[in-house]
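Asker: From just these sequences and the hints, can you work out the full model?
Residue numbers (this note's numbering), protein chains in the order written: chain A, 1 to 95; chain B, 1 to 482.
Any given hint could turn out to be false.
[As the list claims (entries may be wrong)] Chain A regions said to be covered by chain B (calculated; three or more residues, Cβ under 8 Å):
#1 2-12
#2 30-38
#3 50-63
#4 67-76
Treat the hints as calculated values from the structure; they're not laboratory data. Just so it is clear, CB atoms sit at the ideal spot from N, CA and C, and this is done for glycine as well.
Each chain, letter by letter, is given below.
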Amino acid sequence: MSVDRSDVEKAAHLARIGLSSTETDHHLQDLQQILSLIEQMQAIDTNNIEPLFSPLDAIQPMRKDQVTETDHRERFQSLAPATDKKHYLVPKVIE
Amino acid sequence: MIDYSITELSNALRSGKFSSVELVQHYLQRIEAIDPQLNSFITITEQQALAAAANADALLQQGNDSPLLGIPIGHKDIFCTDGVRTSCGSKMLDNFIAPYSATAVSKLNDAGTISLGKLSMDEFAMGSSNETSFYGAVNNPWDTERVPGGSSGGSAAAVAAKLVVAATGTDTGGSIRQPAAFCGVTGIKPTYGRVSRYGMVAFSSSLDQGGIFARSAEDAALLLQTMSGHDPLDSTSIDQPAPDLTSGINQSIAGLRIGVVKEFFSEELAGQVATAVQTALAELEKLGAVLVDISLPKNKLAIPAYYVIASAEASANLARYDGVRYGHRADDPVDLEDLYKRSRTEGFGTEVKRRILTGTFVLSSGYYDAYYLQAQKVRRLIRDEFVEQFKEVDLIAGPTTPTTAFKKRAHSDDPVAMYLSDIYTTAVNLAGLPALSVPGPAVDGLPVGLQLIGNFLQENLLLRTAHQLQQATDWHLQSPDL
Numbered sequence: 001m002s003v004d005r006s007d008v009e010k011a012a013h014l015a016r017i018g019l020s021s022t023e024t025d026h027h028l029q030d031l032q033q034i035l036s037l038i039e040q041m042q043a044i045d046t047n048n049i050e051p052l053f054s055p056l057d058a059i060q061p062m063r064k065d066q067v068t069e070t071d072h073r074e075r076f077q078s079l080a081p082a083t084d085k086k087h088y089l090v091p092k093v094i095e
Numbered sequence: 001m002i003d004y005s006i007t008e009l010s011n012a013l014r015s016g017k018f019s020s021v022e023l024v025q026h027y028l029q030r031i032e033a034i035d036p037q038l039n040s041f042i043t044i045t046e047q048q049a050l051a052a053a054a055n056a057d058a059l060l061q062q063g064n065d066s067p068l069l070g071i072p073i074g075h076k077d078i079f080c081t082d083g084v085r086t087s088c089g090s091k092m093l094d095n096f097i098a099p100y101s102a103t104a105v106s107k108l109n110d111a112g113t114i115s116l117g118k119l120s121m122d123e124f125a126m127g128s129s130n131e132t133s134f135y136g137a138v139n140n141p142w143d144t145e146r147v148p149g150g151s152s153g154g155s156a157a158a159v160a161a162k163l164v165v166a167a168t169g170t171d172t173g174g175s176i177r178q179p180a181a182f183c184g185v186t187g188i189k190p191t192y193g194r195v196s197r198y199g200m201v202a203f204s205s206s207l208d209q210g211g212i213f214a215r216s217a218e219d220a221a222l223l224l225q226t227m228s229g230h231d232p233l234d235s236t237s238i239d240q241p242a243p244d245l246t247s248g249i250n251q252s253i254a255g256l257r258i259g260v261v262k263e264f265f266s267e268e269l270a271g272q273v274a275t276a277v278q279t280a281l282a283e284l285e286k287l288g289a290v291l292v293d294i295s296l297p298k299n300k301l302a303i304p305a306y307y308v309i310a311s312a313e314a315s316a317n318l319a320r321y322d323g324v325r326y327g328h329r330a331d332d333p334v335d336l337e338d339l340y341k342r343s344r345t346e347g348f349g350t351e352v353k354r355r356i357l358t359g360t361f362v363l364s365s366g367y368y369d370a371y372y373l374q375a376q377k378v379r380r381l382i383r384d385e386f387v388e389q390f391k392e393v394d395l396i397a398g399p400t401t402p403t404t405a406f407k408k409r410a411h412s413d414d415p416v417a418m419y420l421s422d423i424y425t426t427a428v429n430l431a432g433l434p435a436l437s438v439p440g441p442a443v444d445g446l447p448v449g450l451q452l453i454g455n456f457l458q459e460n461l462l463l464r465t466a467h468q469l470q471q472a473t474d475w476h477l478q479s480p481d482l
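Answerer: What follows is the structure in structure tokens.
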């Protein structure tokens, strides 16, 4: 699998991470190295093998449909960089 | 008092030999004197610790019988601790004061342990050397030019240096066992789902598991059974009560079948480490265990599968750090995109960005089947291979790491070389099995770890075997000169 700068730039955009030109070069080199490590796995025949998404093959547990959460808004919002009238503030999205 | 086991400390506290406040003061003085050489703590909670110790002394007076009451420990800075900064080793969370405690922390608090503070770690637990922490590298107490291992390097170093009696840690690909091996302490990662992940900052949710570092298997057993148990706040928590890990610990291991993994003694393994591990295995044989050669040919696929799965899950988990609700926020964002992007670019370090980018890449359109799905299929093959072996043997053994602690900056420019430090540990996380590392004989003054891997929910057998080994040898009692 060959990757180029545009793959790194696309991943960085999707992940909302800014990279300088030098950093893009470094990350491309790292990604190529990591992918060549990962290649070892590609040769394995996994036809008819189910993916194992969780080690215990666990199913989601059910609970009674009751309100269990209590209100911690004030405590949680005290950690926020900017709030107003119980809302989190972000730069203006709609003109 | 720093050489006492937890049981000895507990007896001394009850006989009035010293108080919990005196014990905590003694440890705080050691931290002040020794930690500047190690940098194992990110935050020292002196006032809270002294207040908790005074409370413990009052409870001792009232006859409270918790064996952990008044015992000074530390928490890896990945566990949320109510009212105390929980940084996860990152600039992103440098200003984050946890608004609640992790279940594991609450359970240990309820049992009366006293937290002396928060221990350093690789940023977001991504690393094998503790060099990626925003708060600087942690030094190995056996040789301060070397790494303590990672990601729970602060926990391992602090326990080895006797700055705490024990410490919590987390293990996603070896992050308890590898630093335990490098620092010469006992470290156990239980079965996936044994210790609640509630309040434990998420890295790779299907692999992350909390556990404990201590100076003996017996101490580790006392703490792990307290931390464990079903938690309705973690949907992947095993629906079983906390296991009793201490009452059977003195039973003999005669007749126990231990599978020794052929592939773990391959060319990557340093010769002297191999010899040290063989010496430790021979001790188990003297105790009546039967050593059987086994083969795990799929194990070599664990590192590639691990780096796909862990990076993919990390890229999803770390999407939450956006500068809006908590954590680092960039100054004067021009728009929402700029806020997200600059907050993340400024808040994350290089290794975290590398994993997020790798994870985003393997999950992106066109690559998902070839990388992520293939890795999850390989994961099943790896787990099934263990399941098959556990029909023949009770435990599986081998080295924890291919070398002793390496020099700082040895692998900083080569991520793949760093990743290979976890060559013997990651398969266990993919399979969800419990495993521990115990000290074997040192090599050139540096600790070596023997890794024992158990079947699902067999933490009791792992700790019993480690305890029996520690009753017959004194490798775990060696400590660094500081």
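Asker: If you test the structure against every hint from before, which numbers come out violated?
Answerer: Failing hints: none at all.
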